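Novice: Residue strings, one per chain:
There are 2 protein chains.
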Amino acid sequence: MHIRPDAVSDKRLASTPPPPYIAVIFTNTQNDEGLEGYGQTAGDMVRLAHEQDGFLGYESAHDRDGTGITISYWRDELSIKTWKQQADHMAAQRSGREKWYRSYITRIAHVDRDYAFENK
Amino acid sequence: MHIRPDAVSDKRLASTPPPPYIAVIFTNTQNDEGLEGYGQTAGDMVRLAHEQDGFLGYESAHDRDGTGITISYWRDELSIKTWKQQADHMAAQRSGREKWYRSYITRIAHVDRDYAFENK
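Heads up: the sequence lines are chains A and B, in that order.
Sequential numbering of the first sequence, starting at 0, is according to numbering that gives the first Met the number 0.
Sequential numbering of the second sequence, starting at 0, is according to numbering that gives the first Met the number 0.
Hint data in this document are derived by calculation from the structure and do not stem from the laboratory.
Careful: at least some of the hints might be erroneous.
One copy or two, it doesn't matter: identical chains are merged, so the pair holds either way.
With a straight-line Cα cutoff of 30 Å, these simulated DSSO-like cross-link-like pairs (lysine-lysine) come out [stated by the list, open to error]:
| hint | residue 1 | residue 2 |
| --- | --- | --- |
| 1 | K80 | K119 |
| 2 | K119 | K98 |
| 3 | K83 | K10 |
| 4 | K119 | K10 |
| 5 | K83 | K119 |
| 6 | K83 | K98 |
| 7 | K80 | K98 |
Bear in mind the structure is a predicted one, so any value in this text is a computation, not a measurement.
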């Protein structure tokens with residue numbers, strides 16, 4: 000049945016409020032050299048994001064071929080700007096460029112409508 | 000080094016042109032009952048999307064925990080509308096609801112800026 004995203008019970012999907020809100024789409028490919036420290040930092044960043052004002056949720060999937068997609072959802076541009084400049088997050092971004100990622104693209108996108116479905 | 004998304008060489012990331020363009024963010028969780036026919040249909044849909052006017056690219060990752068994220072990028076609202084109503088795609092959406100997905104959320108979002116990085 001079709002429902003609101005914030006009525007989806009599965010916690011792997013983000014329970015976002017009605018639009019408008021902003022999506023930060025982070026797609027990446029990992030280095031072949033290994034991911035020492037990545038899991039710890041990724042977990043720390045998820046916990047830290049949850050503490051930020053304006054954070055609405057996040058969704059993440061990592062493919063066996065080394066492709067990763069993480070989408071975080073935010074209330075407004077100010078909350079994104081604050082998160083981008085948060086000190087621990089800036090250090091994690093630097094480690095990502097230096098150690099973990101072969102390539103990545105970050106896209107800032109304004110969500111204006113959404114549809115959800117859940118099998119009952 | 001920081002580059003334009005359309006200069007990223009890794010084909011797992013979408014070589015999108017400069018914004019504005021539109022992202023269709025499709026996040027889902029799979030049924031536990033199995034995915035008979037899913038791989039064939041998913042491949043067919045990727046090939047079909049590439050033939051649509053206004054299609055700019057797509058990115059996809061499927062996690063071992065059953066979370067899937069697929070993002071397709073489009074030139075404008077008309078190209079999204081046409082794709083949504085394409086007959087074979089409509090049949091695939093129906094199969095997804097009936098057979099493959101436990102839950103999903105589709106979000107339509109207007110990309111207004113992007114940043115890319117590639118290790119050289």
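Novice: Look at each hint and say if it fits the structure.
Specialist: Status of the hints after comparison with the structure:
no., hint, in the structure
1, K80 x K119, "between (38 Å within a copy, 28 Å between copies)"
2, K119 x K98, "between (43 Å within a copy, 13 Å between copies)"
3, K83 x K10, "both (25 Å within a copy, 26 Å between copies)"
4, K119 x K10, "within (15 Å within a copy, 37 Å between copies)"
5, K83 x K119, "between (38 Å within a copy, 24 Å between copies)"
6, K83 x K98, "within (19 Å within a copy, 39 Å between copies)"
7, K80 x K98, "within (24 Å within a copy, 41 Å between copies)"
Taken one by one, the earlier hints all hold for this structure without exception.
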